[in-house]
Amino acid sequence: AQSVAQPEDQVNVAEGNPLTVKCTYSVSGNPYLFWYVQYPNRGLQFLLKYITGDNLVKGSYGFEAEFNKSQTSFHLKKPSALVSDSALYFCAVRGSGNTGKLIFGQGTTLQVKP
Amino acid sequence: EAQVTQNPRYLITVTGKKLTVTCSQNMNHEYMSWYRQDPGLGLRQIYYSMNVEVTDKGDVPEGYKVSRKEKRNFPLILESPSPNQTSLYFCASSSQLAPNNEQFFGPGTRLTVL
Chain A
6 AQSVAQPEDQ
16 VNVAEGNPLT
26 VKCTYSVSGN
36 PYLFWYVQYP
46 NRGLQFLLKY
56 ITGDNLVKGS
66 YGFEAEFNKS
76 QTSFHLKKPS
86 ALVSDSALYF
96 CAVRGSGNTG
106 KLIFGQGTTL
116 QVKP
Chain B
210 EAQVTQNPRY
220 LITVTGKKLT
230 VTCSQNMNHE
240 YMSWYRQDPG
250 LGLRQIYYSM
260 NVEVTDKGDV
270 PEGYKVSRKE
280 KRNFPLILES
290 PSPNQTSLYF
300 CASSSQLAPN
310 NEQFFGPGTR
320 LTVL
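In the order they appear, the protein sequences are chains A and B. The first sequence begins at 6 in our numbering and counts up one residue at a time. The second sequence begins at 210 in our numbering and counts up one residue at a time.
No wet-lab data here; the hints were simulated from the structure. One or more of the hints may lead you astray.
Quick list of the computed label-pair ranges, beta carbon to beta carbon [to be verified]:
no., chain 1, residue 1, chain 2, residue 2, range
1, A, K63, B, T222, 27 to 37 Å
2, A, D59, B, T229, 39 to 49 Å
3, B, G249, A, K82, 35 to 45 Å
4, A, T77, B, D268, 38 to 48 Å
Cβ-to-Cβ under 7 Å is the rule here; a few derived chain B residues that face chain A [claimed, not checked]:
no., residue
5, G251
6, Y257
7, P316
Small disclaimer: the values here were computed from a predicted structure and weren't measured. Even for Gly, the Cβ is constructed at its ideal location relative to N, Cα and C.
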């Protein structure tokens, strides 16, 4: 069965420090991977995606993600965290078949402290 | 501005009272979908629609109905809401049912069923 796991409910980091939000996946075939961010009382906003090609994907707001096929991981990273990055982050993988479904992880709350 | 809108944003209702949550997109997207977000579970797909008059069940369709009479609108109907449908609901759309197309999400509707 296809699945996505985000092993950390919350990640705390000091402003200016690098951040990593972890994601691992389980799919059959080639994975199509996404990161979304949810700010309080807002919908999900697309950050970046991996379809094929370079393992390091750059996205919005200075975020990037590293695809690692052997470890089935797609960790979200940022070199220098901002307080405004504090939000709920979701990793997702495109489901197989023709449903267009995104399979989401349970979400990781990122807390960046000044 | 390209967007997905949902109404209402917040709703408190009682068991058994029929309700409709509207979703509209102005991007001429063929594909639309409904998800519910519950703590610790991420987002799960309720129903999806490939195009006008084409709808199908997602992972958690019980207790819900949808319709797609127009391309821009995809309402979610709860004929007889129950407390276990208390959740945060998101509508999403994308231009084509292709793996590399990210989905655009509405702002969410927080539903409480008493």
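Now the hints, each set against the structure:
no., hint, verdict
1, A:K63 with B:T222: 27 to 37 Å, "44 Å, violated"
2, A:D59 with B:T229: 39 to 49 Å, "44 Å, holds"
3, B:G249 with A:K82: 35 to 45 Å, "24 Å, violated"
4, A:T77 with B:D268: 38 to 48 Å, "22 Å, violated"
5, G251, "4 Å, holds"
6, Y257, "6 Å, holds"
7, P316, "4 Å, holds"
Going through the hint list in order, the structure does not satisfy hints 1, 3, 4.
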